[in-house]
Amino acid sequence: DIQMTQSPSAMSASVGDRVTITCRASQGISDYLAWFQQKPGKVPKRLIFAAFTLHSGVPSRFSGSGSGTEFTLTISSLQPEDFATYYCLQHYTYPYTFGQGTKLEI
Amino acid sequence: QVQLLQSGAEVKMPGASVKVSCKASGYSFTTYTISWVRQAPGQGLEWMGWISAFNGDRNYAESLQGRGTMTTDTSTATAYMELRSLRPDDTAVYYCVRDRSGPDAFDLWGQGTMVTVSS
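Going down the list, the sequences are from chains R and Y. Counted the way this note's numbering counts, the first sequence spans residues 1 to 106. Counted the way this note's numbering counts, the second sequence spans residues 1 to 119.
Treat the hints with care, since some could be wrong.
Unchecked claim - Covered stretches of chain Y (in silico footprint by chain R; criterion: 3 or more residues with CB under 8 Å from a CB of chain R, positions within the stretch not fixed):
no., stretch
1, 1–7
2, 24–30
3, 78–90
Unchecked claim - Beta-carbon label-pair distances, calculated as ranges:
no., chain 1, residue 1, chain 2, residue 2, range
4, R, Ile106, Y, Pro41, 21 to 29 Å
5, Y, Gly42, R, Ser65, 28 to 36 Å
6, Y, Arg67, R, Ser76, 18 to 26 Å
7, Y, Gln111, R, Thr74, 44 to 52 Å
8, Y, Thr71, R, Ser76, 28 to 36 Å
9, R, Lys39, Y, Val2, 39 to 47 Å
What the hints assert, rightly or not - Residues of chain Y placed beyond 10 Å of chain R at every Cβ, according to the derived structure:
no., residue
10, Glu10
11, Val18
12, Ser35
13, Arg67
14, Gly68
15, Asp73
16, Ser75
17, Gly112
18, Val115
19, Thr116
20, Val117
21, Ser118
I should point out that these hints are in silico values taken from the structure, not numbers from a laboratory. Remember, it's a predicted structure, so these values are computed and weren't measured experimentally. Idealized CB from N, CA, C, for every residue including glycine.
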């Protein structure tokens, strides 16, 4: 199975900060990497697919980069509504695997 | 409206079975596949498996092998996930997710179904 190691597992930041979250795959996954945001009690929402393509309606302060085994999600200027948990997902090969999540707190 | 609408919350005894439904609307059901993802309370997301709405091909995570079955009914555009021999650690929110081959996947999620396994 491909392991997705997400870091950090939790972090504190302030409104206006630039934040980067990393996902490392235990083997190459091409660009089959998606990022999701989940707020407490809510359904996960896709932010990024194909490693760097912004999902429709997602603010441009979110961006994704990387390919192969290392990927990053960047939020250029944190807004109050961005405090949430973020997950990466590889869907290159079965079983699909999620990172363990990054909880972004104020 | 493009959506996946799941069945309501369930409470089951250990050893029982549960069948969660996921009705698709607003898009061509057989053009996509459906993945199922679960999330135990306070925990992360776990992929459970995948089924093609086109031809019924499926692939299950090891945690589902032998206890779970995914099916689809194209006449009603509904996907189902049945889990048998329930254990307390199956307590989770279960999501169906629209999937497809290629990098553009997991774009549409159901609202989730809470399954509680408790005696």
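> Among the hints numbered above, which are violated by the structure, and what are their numbers in rising order?
Replying inline: 1, 2, 3, 6, 7, 8, 9, 12 and 17
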